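**Q** Each residue of the sequence shown is one higher than the one before, starting from 18 at the first, in our numbering.
Quick caveat, the hints were computed from the structure, so don't treat them as lab data. Here the structure is a predicted model, which is why all the values come from computation and not from measurement. Beta carbons are placed, not taken as given, at the ideal position from N, Cα and C, and that holds for glycine. Take these hints with a grain of salt, some might be off.
Derived Cβ-Cβ restraints for the label pairs, each shown as a range [unchecked claim]:
1. 229 x 173: 20 to 28 angstroms
2. 177 x 264: 22 to 30 angstroms
3. 103 x 81: 34 to 42 angstroms
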Amino acid sequence: MSGRNRGRLLRCAAGLLSLTLLSGCAAAGNLDAPADRPQSTAEAYPKLAGQVEDAQAHPDDAGNEQAEMAATALEVLDSIPVAERTEWDGPFDRAAHFGEGWADLDGDGCNTRNETLEAQLEQVELLRDNCRVDTGVLEDPYTGETVSFQRGQGTSERVQIDHVVAVYNAWRTGAQDLSYEQRVAFANDPLNLQATQDWVNDEKMSSDASQWLPPDETYHCTYVSRQIAVKATYQLWVTEAEDAAMREVLAGCL
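All chains should be modelled from the sequences, with the hints used to inform the complete structure.
**A** Rendered as C-alpha cells:
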C-alpha cells in the first residue's frame, strides 16, 4: 500500500472491527455481539483485523504470522451462524439498499473508490484535485500480476474495486436486517475493498468462498480471513458450503 490514505484506511478498518466510532471512518453502527457470543471471541475481531492488515502490508511474509491469522480466523468463524441464504426472487436494487455509487463517508470530498485506489496502488500520481488517481501500479493480490493504471476513458475500468464479501452475498446472508446506514458502511468499509483487475471482478461476481477463490493460491489465507472478519463485524452468516470451504482453506494455512 502507498499514499496518504493508507494509515487512515487501516485505522478505520480496525475501528470498524472493534465496533467503535472513529473520526473519519465509516461506522458500522450499533452492531452489538449476540448475547451468546463469548467475549473472548468478540475480542478476536480487532485482533484478526490487525493480522489481516499485516498480511496486506507484508504479502511476502509467511510462516507463523499466517498460521496465527488462520487460527484467529477459525476462532471468529466458530462464532458465525451457519444458515441457508435468504430467498430473493425479485430484482436486487443495490443503490437503494447499499447506497448510490461510492460514498464520501469522511466528508473530505474524495469518494471511497478514489481513496482505495490511492491506498492500494503504488507509484501513485494524483490529479490537481489531490483526490483522483491519475496513474499508478497495482500489485494485484488476487492474481499476483502487476497492472498499470491510467485514468481515462477505456482505461480506468481496467482496475476495479472488489467487495471481498460481495454486496449481493451480504444481502442474502443477513444484511437485510441491517439499517441503511450500516449497509452503506459495509459497502465502503476498507477491510471489505480490494483493487483488482476487471476480469477478476467480473469472474467473481457475487460468489462466496465455496464458489470462487482468487486465482493466486498464496492469497487464499488472507482472502478468507478478510471475509470472516467482515462477516463477523456486520453479523452476517455463512452457508454450510461456505463454512466448509473457509475451514478447508484455513486448515492449509496452519
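**Q** Determine for every hint whether it applies to the structure shown.
**A** Tested hints:
1. 229 x 173: 20 to 28 angstroms: Since the Cβ atoms of residue 229 and residue 173 sit about 24 angstroms apart, the hinted range of 20 to 28 angstroms holds.
2. 177 x 264: 22 to 30 angstroms: Holds - the Cβ-Cβ distance for residue 177 and residue 264, about 29 angstroms, lies within 22 to 30 angstroms.
3. 103 x 81: 34 to 42 angstroms: The hinted range 34 to 42 angstroms holds for residue 103 and residue 81, with Cβ atoms some 39 angstroms apart.
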